[in-house]
Amino acid sequence: RKEVEQDPGPFNVPEGATVAFNCTYSNSASQSFFWYRQDCRKEPKLLMSVYSSGNEDGRFTAQLNRASQYISLLIRDSKLSDSATYLCVVNGGDSSASKIIFGSGTRLSIRP
Amino acid sequence: EPEVTQTPSHQVTQMGQEVILRCVPISNHLYFYWYRQILGQKVEFLVSFYNNEISEKSEIFDDQFSVERPDGSNFTLKIRSTKLEDSAMYFCASSLEHTDTQYFGPGTRLTVL
Chain A
1 RKEVEQDPGP FNVPEGATVA FNCTYSNSAS QSFFWYRQDC RKEPKLLMSV YSSGNEDGRF
61 TAQLNRASQY ISLLIRDSKL SDSATYLCVV NGGDSSASKI IFGSGTRLSI RP
Chain B
1001 EPEVTQTPSH QVTQMGQEVI LRCVPISNHL YFYWYRQILG QKVEFLVSFY NNEISEKSEI
1061 FDDQFSVERP DGSNFTLKIR STKLEDSAMY FCASSLEHTD TQYFGPGTRL TVL
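From first to last, the protein sequence lines stand for chains A and B.
For what it's worth, our numbering labels the leading residue of the first sequence as 1, then goes sequentially.
For what it's worth, our numbering labels the leading residue of the second sequence as 1001, then goes sequentially.
Keep in mind that the hints were calculated from the coordinates and are not lab data.
Treat the hints with caution; some may be incorrect.
Simulated DEER-style distance windows between Cβ atoms [claimed, not checked]: (1) A/40 with B/1005: 19 to 29 Å; (2) A/77 with B/1071: 42 to 52 Å; (3) B/1001 with A/81: 12 to 22 Å; (4) A/53 with B/1071: 36 to 46 Å; (5) A/76 with B/1001: 37 to 47 Å; (6) A/56 with B/1001: 35 to 45 Å; (7) B/1038 with A/22: 19 to 29 Å; (8) B/1071 with A/79: 36 to 46 Å; (9) B/1051 with A/16: 48 to 58 Å; (10) B/1038 with A/59: 38 to 48 Å; (11) A/53 with B/1009: 36 to 46 Å; (12) A/39 with B/1113: 22 to 32 Å; (13) B/1038 with A/5: 45 to 55 Å; (14) A/68 with B/1064: 36 to 46 Å.
Derived lysine-lysine pairs resembling DSS-like cross-links, with alpha carbons at most 25 Å apart [claimed, not checked]: (15) B/1042 with A/99; (16) B/1083 with A/45; (17) A/2 with A/45.
So these bits of chain A aren't anywhere near chain B, every CB distance computed over 12 Å [claimed, not checked]: (18) 22; (19) 70; (20) 77; (21) 89; (22) 104.
Since the structure is predicted, the reported quantities are computational estimates derived from the model, not experimental observations.
Note that beta-carbon positions come from the ideal geometry of N, C-alpha and C, so glycine has one too.
Between the sequences and the hints, there should be enough to build the whole structure, so can you do that?
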């Protein structure tokens, strides 16, 4: 099983649609979870941290299910500017807490 | 807003040469990292650095690689005897604590000919 697994997409949705991404991770000891976005040939940028209680930031909602080792990201009312690759990121757990592991990313393309 | 900076933005070198990639992490951050991303592939962890020593490294980070914090602001990645397969984007990142958000620099694109 991959350490962090994501559906690679691409997701091609119309502007205004709601889109959901899923991610699973293999290390049950992982402590920190994030969604980053990466534009073409640019650095990853933090979108949001993911907490057990779930968290929302405007149009974005992230959920964490520790029992199932599953993370999700929901984007509502999608904008053209949301087109990017979304990276699920998990830290390495107690023995390697400073190592973060990236998923391969899910490509999202918003069409007018 | 403070940010991580990296120089150069693009480095072209001949196979077998040594390169040094430079990074200036966010000033109050304590943990520093290097990642690489081969074109079309995922971001891969190379090494983390804290308190002037390596805290973790991946299997990619072999004897060809070394890191250094030569002064209070710079953090460098040295690649000795570069190979064609070292061509990639190299990202530096920093964080306040080891489980905190890591902030990435804009990257250095390394091309080995």
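Hint check results:
no.	hint	in the structure
1	A/40 with B/1005: 19 to 29 Å	holds, 21 Å
2	A/77 with B/1071: 42 to 52 Å	holds, 47 Å
3	B/1001 with A/81: 12 to 22 Å	holds, 19 Å
4	A/53 with B/1071: 36 to 46 Å	holds, 42 Å
5	A/76 with B/1001: 37 to 47 Å	violated, 26 Å
6	A/56 with B/1001: 35 to 45 Å	violated, 22 Å
7	B/1038 with A/22: 19 to 29 Å	holds, 25 Å
8	B/1071 with A/79: 36 to 46 Å	holds, 43 Å
9	B/1051 with A/16: 48 to 58 Å	holds, 49 Å
10	B/1038 with A/59: 38 to 48 Å	violated, 32 Å
11	A/53 with B/1009: 36 to 46 Å	holds, 40 Å
12	A/39 with B/1113: 22 to 32 Å	holds, 27 Å
13	B/1038 with A/5: 45 to 55 Å	violated, 19 Å
14	A/68 with B/1064: 36 to 46 Å	holds, 39 Å
15	B/1042 with A/99	holds, 15 Å
16	B/1083 with A/45	violated, 29 Å
17	A/2 with A/45	holds, 23 Å
18	22	holds, 17 Å
19	70	holds, 19 Å
20	77	holds, 25 Å
21	89	violated, 8 Å
22	104	violated, 4 Å
Of the numbered hints stated above, those contradicted by the structure are hints 5, 6, 10, 13, 16, 21 and 22, listed in ascending order.
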